[in-house]
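**Student:** Sequence:
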Amino acid sequence: MKFKVGIVDDHALFRQGIKELIQCKLDCDVIFDVADGGDAIKLAEQGIVPDLLLMDLNLLRVHGKETLSWFNNNIPDVKVIVVSMCSDEQVVTEMIVAGARSFISKGATAETLIECLQTVNQVGWFLPSHLTPYILRDLQRQKVSNRNEGSQLTETDKKILFYLCKEMTHTEIAERMFLSVRTIDDYSNKLAKKLCVKNKAGLIVYAVKNKFDEYILD
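Under the working numbering, think of the first position of the sequence shown as 2, with each following residue one higher.
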């Protein structure tokens, strides 16, 4: 079954190019391409809702951050992917923490964009390896002492958070813990719900803020 994509960018030529690329390479339908976040919100309110939303940040009327917030609060099943010329570490971290499923540079290759769309559609998130250090560096500057939630975590939860901080994939974590990848996927999904975060990026953010990167394994 084809998945549905929406595109939000104030450059018509960019929208057209992205639309042609992804419809050629992926089994998807681009159900709308609009110039502003407000237009995407209006369409969603009318029932025209994509599975994935590719969105620029710097839009003319309704900013990308406001659009992301609206979809997260009103239609959280829509997976928002930020596509931007901006590569500022703080902005990248802010958008991931706010609930974006990925952050892709407009300077990325077509292959990276296609991989991102496929992965977000299938897994729910896509965090390119070059973004993880951005997030970790930014969060490690913050002093966070409150770890009350940590008392609710099992030893398995803590180990998974530790390994995520080390930039390990679910496959690598499964091998290290002598479990199946599916089991690690299930643990991660339950852990995300327990900690009220949206995705793997949210788990990494939580783990670093609460110093699970310093956790001592038994």
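Simulated from the structure, these hints should not be mistaken for laboratory data. Where hints are given, some of them may not hold.
[Said to hold, decoys possible] Mimicking EDC-like on lysine to aspartate or glutamate, the simulated pairs with C-alpha atoms at most 20 Å apart in a straight line are: (1) 107 x 214; (2) 66 x 28; (3) 195 x 78; (4) 20 x 90; (5) 3 x 21; (6) 210 x 21; (7) 159 x 112; (8) 160 x 215; (9) 107 x 78; (10) 5 x 90; (11) 5 x 21; (12) 43 x 21; (13) 107 x 176; (14) 160 x 187; (15) 195 x 158; (16) 20 x 89; (17) 5 x 37; (18) 66 x 30; (19) 210 x 168; (20) 20 x 30.
**Student:** Indicate, hint by hint, whether the structure satisfies it.
**Tutor:** Going through the hints against the structure:
1. 107 x 214: The hint is violated at about 31 Å.
2. 66 x 28: violated (28 Å)
3. 195 x 78: Distance of about 18 Å is within 20 Å: holds.
4. 20 x 90: At roughly 28 Å apart (the allowed maximum being 20 Å), residue 90 and residue 20 break the hint.
5. 3 x 21: The hint holds at about 15 Å.
6. 210 x 21: violated (40 Å)
7. 159 x 112: Answer violated: residue 159 to residue 112 is near 34 Å, above 20 Å.
8. 160 x 215: holds (11 Å)
9. 107 x 78: Violated: residue 107 and residue 78 sit about 24 Å apart, past 20 Å.
10. 5 x 90: Status violated; Cα separation ~30 Å.
11. 5 x 21: holds (14 Å)
12. 43 x 21: violated (24 Å)
13. 107 x 176: violated (35 Å)
14. 160 x 187: holds (14 Å)
15. 195 x 158: Holds - the C-alpha atoms of residue 158 and residue 195 are around 10 Å apart, at most 20 Å.
16. 20 x 89: violated (26 Å)
17. 5 x 37: holds (18 Å)
18. 66 x 30: violated (24 Å)
19. 210 x 168: holds (15 Å)
20. 20 x 30: Roughly 9 Å between the alpha carbons, so the hint for residue 20 and residue 30 holds.
Hints 1, 2, 4, 6, 7, 9, 10, 12, 13, 16, 18 from the earlier list are contradicted by this structure; the remaining hints agree with it.
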